[in-house]
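Trainee: Sequence:
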Amino acid sequence: MDDLREEDFVVLQDGTDELVVRARDGDGAAWARLVERYSGMLWAIARGHGLDDADAGDVVQTAWLRLVERLDGLRDPGAVGGWLAATARNESARVAGRRGRELPPAAPASRERGPDEVAVARERLGQVAAALQALPHRCQTLLRLVAQAACYADLAAALAIPVGSVGPTRARCLAALRRLVP
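According to UniProt numbering, the sequence shown is numbered sequentially starting from 1.
Bear in mind the hints are in silico, worked out from the structure with no lab data behind them. A virtual CB, placed ideally from N, CA and C, is assigned to each residue, including glycine. Be a bit skeptical, because a hint or two may be false.
[Said to hold, decoys possible] Pairwise CB distance ranges (calculated):
#1 Val35 - Gly114: 43 to 49 Å
#2 Ala130 - Ala29: 15 to 21 Å
#3 Leu174 - Glu69: 37 to 43 Å
#4 Glu36 - Gly73: 32 to 38 Å
#5 Ala175 - Arg75: 18 to 24 Å
#6 Gly28 - Leu74: 17 to 23 Å
#7 Arg70 - Cys151: 23 to 29 Å
#8 Arg122 - Asp76: 46 to 52 Å
#9 Ala175 - Asp17: 34 to 40 Å
#10 Ala129 - Asp53: 15 to 21 Å
#11 Gly114 - Ala79: 50 to 56 Å
#12 Gly40 - Arg98: 21 to 27 Å
Given these sequences and hints, build the entire structure.
Mentor: In structure tokens, the structure reads:
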């Protein structure tokens, strides 16, 4: 996905401006298509800030509410994805700050393990979590978004960076993380 060109990104955004105009005019199908197109990105941004399901859901709803409130005033309807991403980033940062930036809980184990294996796994998880917290906030956010399986276009919008910068930035963040984990 690193080899996307600007022309490819335009194809990905094809029809967004038309959908926004139609939604502004009351077309429910256009609104539903916008929600379908951008909700995954909004969830990835919120989860990338370490928010739990309830807080992430609040962030997503708030982003859509802000769009409804400002739909008539959008200067560039085709840029609604970036606008939504910025809104979700800002709201996520506000909620995460209120919650004290806690790491999300670890997923439960899928199989029974012995006490030694559990102890080693917890120690390793603790080392990785501490190393992740030591990284710059931008790397923390990017790595959390990657863990949520967001596509590079969504990552770029969420981080406000060019699509072509996602891969190299991800590689640098992972390298920094590897240096911090013994």
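Trainee: Are the hints correct? Go through all of them and say.
Mentor: Verification of the hints:
Between Val35 and Gly114 the beta carbons are some 46 Å apart, a value that agrees with the proposed interval 43 to 49 Å. The hinted window of 15 to 21 Å between Ala130 and Ala29 is violated, with their beta carbons roughly 48 Å apart. A hinted range of 37 to 43 Å holds for the C-beta pair Leu174 and Glu69, which are about 38 Å apart. A hinted range of 32 to 38 Å is violated for the C-beta pair Glu36 and Gly73, which are about 23 Å apart.
For the hinted restraint 18 to 24 Å between Ala175 and Arg75, the CB-CB distance of approximately 39 Å leaves it violated. Here the CB-CB span from Gly28 to Leu74 is close to 18 Å, well matched to the stated 17 to 23 Å. Evaluation of the 23 to 29 Å hint for Arg70 and Cys151 yields a pass: the beta carbon distance comes to about 26 Å. A hinted range of 46 to 52 Å holds for the C-beta pair Arg122 and Asp76, which are about 48 Å apart.
Range check, Ala175 to Asp17: about 39 Å between beta-carbon atoms, so the 34 to 40 Å window is met. At roughly 19 Å, the beta carbons of Ala129 and Asp53 sit within the given window of 15 to 21 Å. Taking the beta carbon of each, Gly114 and Ala79 are about 54 Å apart, inside 50 to 56 Å as hinted. Under the hint 21 to 27 Å, the C-beta atoms of Gly40 and Arg98, about 24 Å apart, fit the expected range.
Hints 2, 4 and 5, counting from the list given before, are not met by this structure.
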